[in-house]
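K.L.:
Let's have the full structure, built from the sequences with the hints guiding it.
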Amino acid sequence: MEGFVAWLIITLIKILVILAVVLGVGAYLTLLERKVAAHIQRRPGPMVVGWHGLLQPLADGLKLLTKEDLFPRYGNKFLYNLALVMALVPATLVFAVIPFGPEFELFGIKIKPMLTDVNIGILLVFALGSMAVFSIALAGWASNSKYALIGSMRKAGIIVSYEVVITFAVMGPIILAGTLSTYDIVQKQIDQKLWYIWLQPIAFVVYMFAMLAETGRVPFDVQEAEAELVTGFTVEYGGMKFGLFPLVEWYIEVLSLSAIAVVLFLGGWSPINIPFLGFLDPLFFLGPLSPFVWFILKVSLLFLFVLWLHWTLPRYRIDQIAETAWKVMLPLTFVNLVFTAIIAPLIWR
Amino acid sequence: MGYIALLIFLFILIGLALVFVFVNKLLGPKSSDALQDYPYECGVPLYDKSAQSTFHQGYYLLGLLLLLFDIEAAFLFPWTVVYRYLGIFGFIEMALFILILTYGLVYAWRKGALNWQFEEESL
Numbered sequence: 001m002e003g004f005v006a007w008l009i010i011t012l013i014k015i016l017v018i019l020a021v022v023l024g025v026g027a028y029l030t031l032l033e034r035k036v037a038a039h040i041q042r043r044p045g046p047m048v049v050g051w052h053g054l055l056q057p058l059a060d061g062l063k064l065l066t067k068e069d070l071f072p073r074y075g076n077k078f079l080y081n082l083a084l085v086m087a088l089v090p091a092t093l094v095f096a097v098i099p100f101g102p103e104f105e106l107f108g109i110k111i112k113p114m115l116t117d118v119n120i121g122i123l124l125v126f127a128l129g130s131m132a133v134f135s136i137a138l139a140g141w142a143s144n145s146k147y148a149l150i151g152s153m154r155k156a157g158i159i160v161s162y163e164v165v166i167t168f169a170v171m172g173p174i175i176l177a178g179t180l181s182t183y184d185i186v187q188k189q190i191d192q193k194l195w196y197i198w199l200q201p202i203a204f205v206v207y208m209f210a211m212l213a214e215t216g217r218v219p220f221d222v223q224e225a226e227a228e229l230v231t232g233f234t235v236e237y238g239g240m241k242f243g244l245f246p247l248v249e250w251y252i253e254v255l256s257l258s259a260i261a262v263v264l265f266l267g268g269w270s271p272i273n274i275p276f277l278g279f280l281d282p283l284f285f286l287g288p289l290s291p292f293v294w295f296i297l298k299v300s301l302l303f304l305f306v307l308w309l310h311w312t313l314p315r316y317r318i319d320q321i322a323e324t325a326w327k328v329m330l331p332l333t334f335v336n337l338v339f340t341a342i343i344a345p346l347i348w349r
Numbered sequence: 001m002g003y004i005a006l007l008i009f010l011f012i013l014i015g016l017a018l019v020f021v022f023v024n025k026l027l028g029p030k031s032s033d034a035l036q037d038y039p040y041e042c043g044v045p046l047y048d049k050s051a052q053s054t055f056h057q058g059y060y061l062l063g064l065l066l067l068l069f070d071i072e073a074a075f076l077f078p079w080t081v082v083y084r085y086l087g088i089f090g091f092i093e094m095a096l097f098i099l100i101l102t103y104g105l106v107y108a109w110r111k112g113a114l115n116w117q118f119e120e121e122s123l
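Chains D and Y, in that order, give the protein sequences.
Under my numbering, the first residue of the first sequence carries the number 1, and numbering increases by one thereafter.
Under my numbering, the first residue of the second sequence carries the number 1, and numbering increases by one thereafter.
It should be emphasised that the hints constitute simulated quantities derived from the structure, not laboratory data.
Hints should not be assumed to be uniformly reliable.
Pairs of lysine-lysine residues, derived as DSBU-like cross-links and limited to a Cα-Cα distance of at most 35 Å, are as follows [what the hints assert, rightly or not]:
# : chain 1 : residue 1 : chain 2 : residue 2
1 : D       : LYS77     : Y       : LYS111
2 : D       : LYS14     : D       : LYS67
3 : Y       : LYS25     : D       : LYS35
4 : D       : LYS77     : D       : LYS67
5 : D       : LYS327    : Y       : LYS111
6 : D       : LYS112    : D       : LYS14
7 : Y       : LYS30     : D       : LYS67
8 : D       : LYS77     : D       : LYS110
The structure presented is a predicted model; accordingly, all values stated were derived computationally and were not measured.
P.N.:
What follows is the structure in structure tokens.
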């Protein structure tokens with residue numbers, strides 16, 4: 001019984017930490033994005049609210065909270081609200097299986113810095129990732145407005161195309177690790193002294209493309225396409241409901257997919273890797289904190305890379321995006337899969 | 001145990017999402033304007049009250065392709081995990097499977113299913 005209570009308390013603390021990290025960091029990433037965008041375009045960005053705009057996310061949140069609750073008159077109210085739930089819940093649930101660092105001991109209890117280490121971690125991530133398509137399709141459909149419907153259909157089309165691609169792309173690292181648990185995949189990379197990106201460069205590139213497409217980032221942001229569709233499927237949403245969709249799509253999903261990329265290809269919390277020789281840790285002076293810093297550093301770098309692309313590149317058309325997925329990316333992942341299956345026995349030893 | 005933690009997290013998140021759904025109803029102002037809930041349109045009245053009947057058929061085709069390939073991806077996942085215990089038998093099995101998959105892809109490609117379905121230009 002006492003073991004159960006201790007487990008319950010630890011679980012609740014972990015959930016609180018994850019929620020604080022996801023929603024707090026998610027909110028502050030809006031500021032980061034505006035700052036990065038501004039400096040790429042040589043302007044200062046938010047400067048008025050707080051020092052260099054540090055309180056801007058709070059101001060935005062307050063503004064969104066005090067807006068009137070509107071509902072498009074020909075829409076379907078239940079589906080309209082369900083879309084919101086379906087957007088937030090799966091995207092945040094993914095963080096339950098992301099390992100932030102190695103197992104550590106606190107007051108004699110061994111704690112893994114992830115909510116739960118289920119042995120189907122990666123499968124769970126992509127099952128929940130595919131749920132995103134429901135929220136988007138429902139949001140456009142239930143609003144019953146042309147712009148929303150066109151935007152949501154485009155996004156749904158892109159997600160279903162890249163869903164297949166991303167699933168085949170992650171199979172390479174899984175073959176090398178021989179497990180679906182996210183914690184064990186990182187542990188395997190440390191044991192084998194090899195980041196899987198060195199053997200899976202194609203899979204990594206394809207994964208990055210699919211990640212941009214699934215999160216609706218430039219160059220694949222046809223669902224928003226502010227010049228033609230206003231804001232796509234969120235056009236009939238207002239107030240906090242409107243705020244939630246970009247938060248989920250652009251920040252929470254990009255964060256979770258970056259974290260999964262780090263887990264699968266960049267060795268999770270391990271320091272810089274020299275293939276087959278070992279690890280080089282310039283941050284050794286941080287002691288037991290160093291793995292956590294490495295993990296956060298890698299995820300931040302991937303996130304900044306996505307931001308950099310977003311504010312630099314132009315936008316593709318939907319037909320170009322869908323055809324690239326099926327005609328270029330998918331055959332590439334097939335080739336990569338067979339290649340991985342051939343070289344995998346050399347890596348296991 | 002691991003799945004119970006997931007379940008707890010799921011319920012907390014659903015609660016949070018419901019807060020997001022209803023918070024504007026509680027905190028926001030209420031005004032009455034005849035056209036405030038009118039669907040977004042560029043300055044003209046709607047031609048058609050429902051937008052749900054008209055969307056591009058190319059998306060339907062994408063959905064079909066997804067069904068085909070995602071189910072096969074689901075078949076391959078267990079194989080990737082146990083591949084190291086299957087040896088050469090597992091490799092040949094998988095190579096055949098991927099070959100059939102590739103054949104399916106080539107077939108769809110030749111049939112033109114991978115091309116974007118542009119509407120006929122009619123004047």
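K.L.:
Decide, hint by hint, whether the structure agrees.
P.N.:
Against the structure, the hints:
1. LYS77(D) / LYS111(Y): 41 Å, violated
2. LYS14(D) / LYS67(D): At roughly 33 Å apart (the allowed maximum being 35 Å), LYS67(D) and LYS14(D) satisfy the hint.
3. LYS25(Y) / LYS35(D): 32 Å, holds
4. LYS77(D) / LYS67(D): 18 Å, holds
5. LYS327(D) / LYS111(Y): Distance ~13 Å between LYS327(D) and LYS111(Y) Cα, so the pair holds.
6. LYS112(D) / LYS14(D): Holds: LYS112(D) and LYS14(D) sit about 10 Å apart, inside 35 Å.
7. LYS30(Y) / LYS67(D): 9 Å, holds
8. LYS77(D) / LYS110(D): Distance of about 46 Å is beyond 35 Å: violated.
The structure fails hints 1, 8 (numbered hints given earlier, in ascending order).
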